[in-house]
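Trainee: Chains A and B supply the protein sequences, listed in that same order.
Per this note's numbering, the first sequence starts with residue 1, numbered consecutively.
Per this note's numbering, the second sequence starts with residue 1, numbered consecutively.
Worth flagging that the hints you see were computed from the coordinates, not collected in a lab.
Incorrect hints may appear among the rest.
[What the hints assert, rightly or not] Partner residues are not named here, just some residues of chain A that face chain B (Cβ under 10 Å, in silico):
id	residue
1	Ser61
2	Lys135
3	Arg233
No residue lacks a Cβ here, since even glycine has one placed at the ideal position from N, Cα and C.
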Amino acid sequence: MVEAKAVEFWRWPETAWVNPDIDWSKGKIITTGVDVGSVSSQAVVMVGGELYAYSNTRTGSDSPESAWKCLNMALEKTDMTADNLDYCIGTGYGRVNVPMAQQTITEIACHARGANFMYGPEVRTVMDMGGQDCKAIRCDDRGKVMKFMMNDKCAAGTGRGMEVFADLIRVPVWEIGPRSFEVKEEPPMISSTCVVFAKTEVVGLLQEGVPENDIIAAYCAAMAHRITELLNRLGIEEKFAITGGIAKNVGVVKRLEKELGVTTVEAVWHKAEMRAKELPFDTQIAGAIGAALFGAALLERGRVKSARKA
Amino acid sequence: MIVAGIDVGGKNIHTVIMKNGDILAKAEAPSGIKKGEAAEQLYNETLKQAKLKREDVARVVATGSAAQRVAFADGVIPDATADARGVIRLVPSARTIIDVGGEEGRAIKISPEGKVMDFAINEKCAAGTGTFVDTMARALEMPVEEMAKLSLQSTRSIPMNAQCAVFGESEVVGLIHQKTSKQDISRAVHDAIAGRIASVARIVGLEDDIVMIGGVAKNVGFVESLKRDIGADVVVPNDPDFIGAFGAAAAAAAGVVEEKVEAKVVEKETIEEGK
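Chain A on its own, in the form it takes in the complex (with noise of 0.2 Å):
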C-alpha cells in the first residue's frame, strides 16, 4: 500500500513579479523595502517612485536567510542585483534581522503608509491581519499613525490561526473564504476564542456529521468577531482598508464587513495608471512598499546617503 503524502493545507504558494514596462536603470533612486513577518517575509522594490518588483514568500527559522531568500526571488527575473540598491528598511517582527537593510521602521508605521498608497490617500482605518498578530491602525492622509490597537499575545484572529484551522479541516487556506459562502443559512460561530479550544469545537462539529462548509462559516464568522472587538476598541473612521494575508480571504472580510457595518476599500491600486496596466494587487506586501517609500522620502530629503555599491 502507498502512503499518503501529508498534505500541509495552510501551504499557501509563494510568488514573485516584475513590471516589465520599468527600466531601473534609467530610475534616479531606487529602494528597497523587506518585511519579515513571523509567518511570511515580503521585499518591494521601488525605481523612482513607481512599483518594480515584489516577492511574497514564507519566513523559515532564520530571519536573515529569509530576508535574502525573499530579497533574492523579488531580484530573480530582474536583471539587478542587490548592489544596486539605493537604500533599504527592514521592517516586521523580524526587523532587526534584515542584513541588507540601511535602517528599520516599524510595521505598524509602514503598514499605514504602504496602504496610503496602495489604497489611497482617503483611507483613515486600515486594518493589518497578519500571521500572528493583528494590529488596526488610524492614520492621516499622509498615512501617518495617529493611534493603533494590537493584540499580538493570542492566535485567535491572526493568519495563524486560520492556517491552524485549514490543515485540522483539510481544506487549503485559499478556498476558505469561497467555500464559507456554500452554505443554506449562516451558521452559528465557533463559540470558543482560543484556537486550541476551537480545533475541539471544530472535531466535536465533524463528529456530529456538521457538513465541512458550515464549520468553514462558522469559523470565518468567529474571526470577524474577533477582529471587530479590536476595532471597536480603536474605533473606525472610513475609509476602511485591509492588509495582509487575512484581506485575501473574502469569508473573513464579507463577515468583517457585515458585523461593523462598513465597506472595506477595493482591493486595487488606487492610482488610475496602476489599475490600468493591471499591475498584479497583493494586501501582503503593504508593510515592505512603505517601507521602500520611506527609504525614497529619506534619500529624496538627503536624510540618508545613498548605499548603492554599482
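Knowing the structure of chain A, use the given hints to seat chain B on it.
Mentor: Below, chain B alone, put in the same frame as chain A:
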C-alpha cells in the same frame, strides 16, 4: 449509605463510589466528544468494580464543565463547591484551592468550614490549562510525565515570550532548533503555565494552606514552578484529579443535589493600545 460522584471535564471523566465516607471504587476515562455516553459507560464500569448495581446507589451527583450531560445524575453541583467539599475533607487546613484541569484553571478561596468564599476561573484560553502542557510535550516529542521530571533537572530559567498555546508551540520548536536543553525547555513551559495560574490565584488571594488539585497537580515540574512563582508551599493530596468527583460524592452523601456559586471569569487582556 452508598453514593456516587461523577466529574465530567473537557478532557477526562472521573467517578467515585463511596460507602459511609469510604471510597469503594474509582475510575477515569477520556471524556471524548459524546461526554454523556462516556460518563454512563464509565459509571457502569465503576459499579462493576464495586460489585454494585445501580439501585444500590442512593444518590448520584455530577460536577464538571459537562456535568449537565450526565442524564442519570440526581443533581449537579459546580466544580468550585465540589472541589471545596473534596479538599476540606482531605486537608482541613486548606484555605486556597488551585484546580487545573485539561481545559480550565480555577482558584477558590474557602472558609474553615469548606464554604466557597471567592472563586476565579480561566476557561477561555488554553495557555493556563493542562492543554498547554500537553501541546508543548507533543512539540518536545515526549510524554508529559517525562517533561515533568526533566523540568526538575533544569539549571536555568528561560522566560517564554509566547502567552498563547499556539504561539508557544512555535517558540518551543524554535528553542529546540537553538539546541536549548530539553530540561530547560521543560522548565520554561512549566514556568509559563505556572505564571498564568498564579495570576488567576492572586485574584482570590493566596492564603495558606494552598492545595493544588486537578490532573495538572500530578505534574511535579509544574508544582515546582508554581511554588517558585507564588513563593509558598503547596499541598498536593493523593489522586488530585479525583477530588472533584470525591467532592461530588461527598455532596451526595450530605443530601446536596444543587448548589450555586458566583465566579469571577478571568479573560486575558490581549488588546494593547499602541504608542
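Trainee: Quick check on Arg233/A please, does its C-beta sit within 10 Å of some C-beta on chain B?
Mentor: With a minimum Cβ separation of about 6 Å from chain B (threshold 10 Å), the hint on Arg233/A holds.
Trainee: Does the nearest C-beta of chain B fall within a distance shorter than 10 Å of the C-beta of Lys135/A?
Mentor: Check passed: Cβ of Lys135/A comes within 8 Å of chain B, closer than 10 Å.
Trainee: Given a cut of 10 Å on the nearest C-beta pair, is the interface hint for Ser61/A held or broken against chain B?
Mentor: Ser61/A check passes; min Cβ-Cβ to chain B is 6 Å, inside 10 Å.
The structure agrees with every numbered hint stated previously.
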